[in-house]
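K.L.:
Fit chains B, C and D to the given chain A structure using the hints.
Chains as they are written, first to last, in the numbering used here: chain A, 32 to 396; chain B, 32 to 396; chain C, 32 to 396; chain D, 32 to 396.
Everything labelled a hint here was simulated from the structure, so no lab data went into it. Hints may contain errors.
Which copy is meant is left open, so a pair is good if it fits within one copy or across any two.
Computed cross-link-like contacts, EDC-like style, restricted to lysine to aspartate or glutamate with a CA-CA straight-line distance of at most 16 Å [as the list claims (entries may be wrong)]:
no.: 1; residue 1: Lys53; residue 2: Glu98
no.: 2; residue 1: Lys236; residue 2: Glu70
no.: 3; residue 1: Lys195; residue 2: Glu228
no.: 4; residue 1: Lys306; residue 2: Glu353
no.: 5; residue 1: Lys205; residue 2: Asp95
no.: 6; residue 1: Lys205; residue 2: Glu185
no.: 7; residue 1: Lys225; residue 2: Glu199
no.: 8; residue 1: Lys53; residue 2: Glu70
no.: 9; residue 1: Lys75; residue 2: Asp95
no.: 10; residue 1: Lys195; residue 2: Glu295
no.: 11; residue 1: Lys342; residue 2: Glu353
no.: 12; residue 1: Lys303; residue 2: Glu353
no.: 13; residue 1: Lys53; residue 2: Asp69
no.: 14; residue 1: Lys310; residue 2: Glu295
no.: 15; residue 1: Lys306; residue 2: Asp347
no.: 16; residue 1: Lys250; residue 2: Glu185
no.: 17; residue 1: Lys236; residue 2: Glu295
no.: 18; residue 1: Lys225; residue 2: Asp95
no.: 19; residue 1: Lys75; residue 2: Glu295
no.: 20; residue 1: Lys304; residue 2: Glu220
no.: 21; residue 1: Lys342; residue 2: Glu295
There are 4 protein chains.
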Amino acid sequence: MLPGSSIGQRLVLTSFGESHGKSIGAVLDGCPAGLELDEKDIQKMLDLRRPGQNLISTQRKEGDVVEIISGVFRGYTTGAPITMVIWNSDQKSKDYENLKTKLRPGHSDYTAMIKYNHYNDHRGGGRFSGRLTATHVMGGAIARKLLKVSLGVETNSCTTQIGKIRMEREFNTKMIKSIYKNEVRCPEEKTAKKMRESILNARKKGDSLGGIIESITTKIPVGLGEPIFSSLESDLSKAIFSIPSVKGVEFGSGFRGSELFGSENNDLYAIKKGKIITKTNNSGGILGGISNGMPITMRIAFKPASSIAQKQSTVDIKSKKETVLQVKGRHDPCVVPRAPPVVDSLVSLTIADHALISGVIRPIL
Amino acid sequence: MLPGSSIGQRLVLTSFGESHGKSIGAVLDGCPAGLELDEKDIQKMLDLRRPGQNLISTQRKEGDVVEIISGVFRGYTTGAPITMVIWNSDQKSKDYENLKTKLRPGHSDYTAMIKYNHYNDHRGGGRFSGRLTATHVMGGAIARKLLKVSLGVETNSCTTQIGKIRMEREFNTKMIKSIYKNEVRCPEEKTAKKMRESILNARKKGDSLGGIIESITTKIPVGLGEPIFSSLESDLSKAIFSIPSVKGVEFGSGFRGSELFGSENNDLYAIKKGKIITKTNNSGGILGGISNGMPITMRIAFKPASSIAQKQSTVDIKSKKETVLQVKGRHDPCVVPRAPPVVDSLVSLTIADHALISGVIRPIL
Amino acid sequence: MLPGSSIGQRLVLTSFGESHGKSIGAVLDGCPAGLELDEKDIQKMLDLRRPGQNLISTQRKEGDVVEIISGVFRGYTTGAPITMVIWNSDQKSKDYENLKTKLRPGHSDYTAMIKYNHYNDHRGGGRFSGRLTATHVMGGAIARKLLKVSLGVETNSCTTQIGKIRMEREFNTKMIKSIYKNEVRCPEEKTAKKMRESILNARKKGDSLGGIIESITTKIPVGLGEPIFSSLESDLSKAIFSIPSVKGVEFGSGFRGSELFGSENNDLYAIKKGKIITKTNNSGGILGGISNGMPITMRIAFKPASSIAQKQSTVDIKSKKETVLQVKGRHDPCVVPRAPPVVDSLVSLTIADHALISGVIRPIL
Amino acid sequence: MLPGSSIGQRLVLTSFGESHGKSIGAVLDGCPAGLELDEKDIQKMLDLRRPGQNLISTQRKEGDVVEIISGVFRGYTTGAPITMVIWNSDQKSKDYENLKTKLRPGHSDYTAMIKYNHYNDHRGGGRFSGRLTATHVMGGAIARKLLKVSLGVETNSCTTQIGKIRMEREFNTKMIKSIYKNEVRCPEEKTAKKMRESILNARKKGDSLGGIIESITTKIPVGLGEPIFSSLESDLSKAIFSIPSVKGVEFGSGFRGSELFGSENNDLYAIKKGKIITKTNNSGGILGGISNGMPITMRIAFKPASSIAQKQSTVDIKSKKETVLQVKGRHDPCVVPRAPPVVDSLVSLTIADHALISGVIRPIL
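Okay, chain A solo, but in the shape it has when bound:
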């Protein structure tokens, strides 16, 4: 859907706002009438996106208090578009003024300037800021509740790798309850500690880290996804790649699976408690683009944060000359720990959209 600020076919999320503008917000259209909803449902998920106290390096406070300004009446959704706003505050725009012409490596400064002929709001990344993922969470919190209430479906994501430090075991559904026990959102406590240290070390060196988020969606009905171009993989990946910093997405055995033989990678069917299941889940719950009832599993690669304190050589776009840049202010040395609720949101939005398309969720609850 054009021009880029909206996603979804039946459940459509429109994101608006800029990092240092008046507000950021979202309109969710197509949510069935009759879902119990108030601001707390959304706030709770937004709060999970906040950085941990020790990992936080930016001085900027993100209160991020959401306000619903349309679409909810007497505690229930009405079928009308639900509009949510967070009012921005504490916008120290001056910090960014001196960077305006020196291109920050890894950021969208250059592409945005060229695309919008310098009219874009460049402050803090403007429209391209990671802060905008809060608008994904606004819509995602509603989609997640809708799925839970109507189908029991639930998406849970966690950090399984930071830099080169990775979890020892594979992420599974039993670990879900441990995800938010630590700041890095890794359910393996021992690994979480190492991850935390590596992030603090990177910060000390004025450097940054990336990592991997894994996501599991359970209780998914068979039959979601539209062949050919609206396969679950197509629509999930499209949604996930809207997160800044994401550079890779795989389902099930993914890249690793491409090294296996068919006899190793094929998931064999079996009967369990009268239901058809597969013994393994290398397909990540999706066959022919359509859900097969097994959990949907994804791995998502985040690049290291582009903002680093070290000096970097770059170009001044005004003078068109090479120069050196040192970004002032302090930034998250690693955005991965903040990403699980964002991933949950985009997966939930996509699955709920397909549940509506398939008629598994009805337009009226």
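P.N.:
Chains B, C and D only, in chain A's frame:
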């Protein structure tokens, strides 16, 4: 765009047909008027999708002769939708009849039956067959020519890994001319030979292999891609995941990049011949979802082909009992060598779509 | 939906082809699986669009034999896109060659040339020909059957006015069975005769006539239509205005209603056989953009056919000089009698689309 | 575009809010970067939508002060979505409470209740209120400025008929400057007076009136509009029918033209000051769905306002019994005088959208 058979916003490809039905075909709407075009332009690219003589294991002949039945007048596109058809022939449907109730592992049999309540055309995978990627190539051949003629943009893809055998060097633009010199579409001749052997070995064992395709798009203008939900990564991945067997997509340094420090992964800007470039291309040519003028690079993971000759345990959907399946007939032991023109097609369609959205290509050539 | 060859949101019709090209055809995507369907269902409705033997003035034979080339398997729809083609024959393109630079008044010659920079297929109007309404009927015949089978909904349209000759009584549901008893598709036999004569008279004078089609859709469930921009009126009018020659659309009391007092035009609610109805139907069955269960009634204005045999002053686009044009060949002096099945088709497509959107028709029958 | 709150393809307006909720507002996405814009541009047009001091019968004050909360930076559009909000105040919801179960004839009460299973915000019509047309004007004011600045295109609409009182002369471009000289927005002062009296008379009798709005769009370039389903007539009518109370739309000679001979209705081409024009404009500036450079002319029928003070028989939806209703509070006896800026808005949005589609307006100004 609903319901799943169409992709694109300004340049819209609609795919139709079934593997063993009367025809497969495509409608491409939104192609600018004035592009010189005839069937040879499309046939040439379809022919590249044909399996190599030695790798081919299926007896089925795929003549795949395309016919344009609308939208071209006196050798030029008219601005009207271009419709292309391939008439199916030699459809031995009986082979598939006995499989109808035994679910083939890794295939869409189960999900399609449930989704369509058994009304789907199951013969040879029907609508879900890899054969349908020929309809992607129909549209892609036009998009590729449009990009070449109007902007000089060109996408080239090749096989860089089959099973565990991978290229020694990194795929780069100088290797493009060597891609189609061998059956596996790998520009490293020595590696190509090993790949070929490994495929023949897998076939002998009644097994199959997967692999990795890499893609480079050159001469891309700065500024293609719409933030937030129509980023180039979002729309390219959506298109690529419409290929059956694809289970992973990454851009630039991708999953590998998530292990690096920001100081290692950031691409530093420099001036080269008066133009702004980056010294490395870990971003894969995309920053903030928008092209930065560097080549767009992607790596795509294909799972091993699901059809294998070995016995597999499975479930009979009629009796709902566990059983054993042995697929008769012979199938491609590895689809990867047929994939490069399909990837080229979907990338070209997406880039051309965004070139039209951005006004870089005008509605009239 | 861009770029103009498709309509619908869940049930999407894509039209292709040109009047004098190889073919005209349509792809209908989103039709639920499990609808019994063969070519006769479509052919029957296409045949109603044929001109009456006496009114026919063109020598061109329109066999219009439809062929289904995808999406139907063993007599039932599969959920895959249904593609239908009519192969053009007997294309005397020479007749049109000499007109190419003299702009025909009332036709799209001028606008199409400018829009497509002379690359458009101009023969017989090309993409703009009324002949393309056969592609609407291809999709419409399926939508009409789907509505009838699943909901009992039926649209019937008839000619109520030709030039200044209009029916004496108001068109109502009891007249439906009489519509196709005469060539002009007017259920009032006496009026039909006068209409027929007036058309023959116009032809004699080398002139043409327009008229009015009225449409009634019955057994419509309450609740179809999406506020605000996808109201039933919005989507029905959008569909109807895709018919060449249509220049006006009204619902219920329409233009006449704008002269009444609210106390006259308001439809009062009452109970009839336990159901809520309105005593009158000035709203045309639509309130707030949503169906209220009363019949949906529309009136549609067709301009007189643009092709006339009389000499007309015009401009030669090559010389940019004023000139005189006399169109050779013989043309329908009035297209209105051919329009009822086209109107039925577009109304059915729109209602079926909304029935799918609202969940009243499920994706699987 | 689903689910109904959005319109447009390149320039997409999303409307949100309810009559008596916290806010009403709009997101306009796709507006080119670089358009000078502030709140005054929008407020000015919103103010024209306010009822005249004498015609106003409702006690409710609609301050309607618009606030831009995203998408504008340092006085210029940025290419990001522009979000605008009006905060509702003075919402006397109690007046509506007692009506909740008695269906108001002509209103959406019944259809909305059934569609949304009584979850809809019914206060003051909620989502279906005419008040929501202010959100059309928010987007329309920007589209109108964009067209004026980039192409010189301008839409102007006026009241040409109230009840049975109609203008003596035909509305033409010379009258544009007189439209807003009186409360009824009729450029013929003498007729305006009669209209005003008839409205006041209707109010005295507890009754209401409808009427006709005419619209002229000038300086339109040749070539806007996409055949077949995105013709200018299709997209303009779709937009216009989103206005509550509109029941009819015609272009050029419209319904009247259907009574003419082809020789009378065809617009003959001529050369004027070196440009191709037509001597008459019965086509309303649109041929084959595409603009021909002549002014685009529309006539739009508004039904009489549904809210009247007289007693009306109706049904109580709770008891399912017939009853009598008398609506308290005072309402506009005629909404037509408030409609011209709304019509201007929807026409401007549609034309600007097509100018972007056609590449006549570029994505960057």
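K.L.:
Next step is simple, just say for each hint if it's right about the structure.
P.N.:
Verification of the supplied hints:
Proximity of Lys53 to Glu98 under the C-alpha cut-off of 16 Å is found in both arrangements, the shortest distances being 14 Å within a copy and 10 Å between copies. For the homomeric pair Lys236 and Glu70, neither the shortest alpha-carbon distance inside one copy (40 Å) nor that between copies (46 Å) is at most 16 Å. Taking identical chains as interchangeable, the C-alpha atoms of Lys195 and Glu228 lie at most 16 Å apart only when both belong to the same chain, with a minimum of 12 Å there against 35 Å between chains. Within a single copy, Lys306 and Glu353 get their C-alpha atoms only as close as 64 Å, which misses the 16 Å cut-off; across copies the closest is 11 Å, which meets it.
With identical chains, the CA atoms of Lys205 and Asp95 are never at most 16 Å apart, being 31 Å at best within one copy and 50 Å at best between copies. In this homomeric assembly, Lys205 and Glu185 come within 16 Å of each other (Cα to Cα) only inside a single copy, at 13 Å, whereas the closest approach across copies is 47 Å. In this homomeric assembly, Lys225 and Glu199 come within 16 Å of each other (Cα to Cα) only inside a single copy, at 12 Å, whereas the closest approach across copies is 34 Å. Taking the shortest Cα distances, Lys53 and Glu70 sit within 16 Å of each other only across copies (14 Å), while inside one copy they are farther apart (20 Å).
Only within a single protomer do Lys75 and Asp95 lie at most 16 Å apart by alpha-carbon distance; the minimum there is 11 Å, versus 33 Å between protomers. When the C-alpha separation of Lys195 and Glu295 is checked against a cutoff of 16 Å, the pair qualifies only between copies, where the shortest distance is 14 Å, while the shortest distance within a copy is 27 Å. In this assembly of identical chains, Lys342 and Glu353 lie within 16 Å of each other by CA distance solely inside one copy; the values are 13 Å within and 63 Å between copies. Within a single copy, Lys303 and Glu353 get their C-alpha atoms only as close as 64 Å, which misses the 16 Å cut-off; across copies the closest is 10 Å, which meets it.
Proximity of Lys53 and Asp69 under a CA criterion of 16 Å is satisfied inter-copy only: 14 Å between copies versus 23 Å inside one chain copy. For the homomeric pair Lys310 and Glu295, the shortest alpha-carbon distance inside one copy (12 Å) is at most 16 Å, but the shortest distance between copies (41 Å) is not. Taking the shortest alpha-carbon separations for Lys306 and Asp347, only the inter-copy value of 12 Å comes in at or below 16 Å, while the best intra-copy value is 62 Å. Taking the closest pair of Cα atoms, Lys250 and Glu185 come within 16 Å of each other only inside a single copy of the chain (7 Å); across copies the shortest separation is 40 Å, beyond that limit.
Taking the shortest Cα distances, Lys236 and Glu295 sit within 16 Å of each other only across copies (13 Å), while inside one copy they are farther apart (44 Å). Within a single copy, Lys225 and Asp95 get their C-alpha atoms no closer than 29 Å, and across copies no closer than 56 Å, so neither meets the 16 Å cut-off. With identical chains, the CA atoms of Lys75 and Glu295 are never at most 16 Å apart, being 42 Å at best within one copy and 36 Å at best between copies. With identical chains, the CA atoms of Lys304 and Glu220 are never at most 16 Å apart, being 34 Å at best within one copy and 52 Å at best between copies.
In this assembly of identical chains, Lys342 and Glu295 lie within 16 Å of each other by CA distance solely across copies; the values are 13 Å between and 48 Å within a copy.
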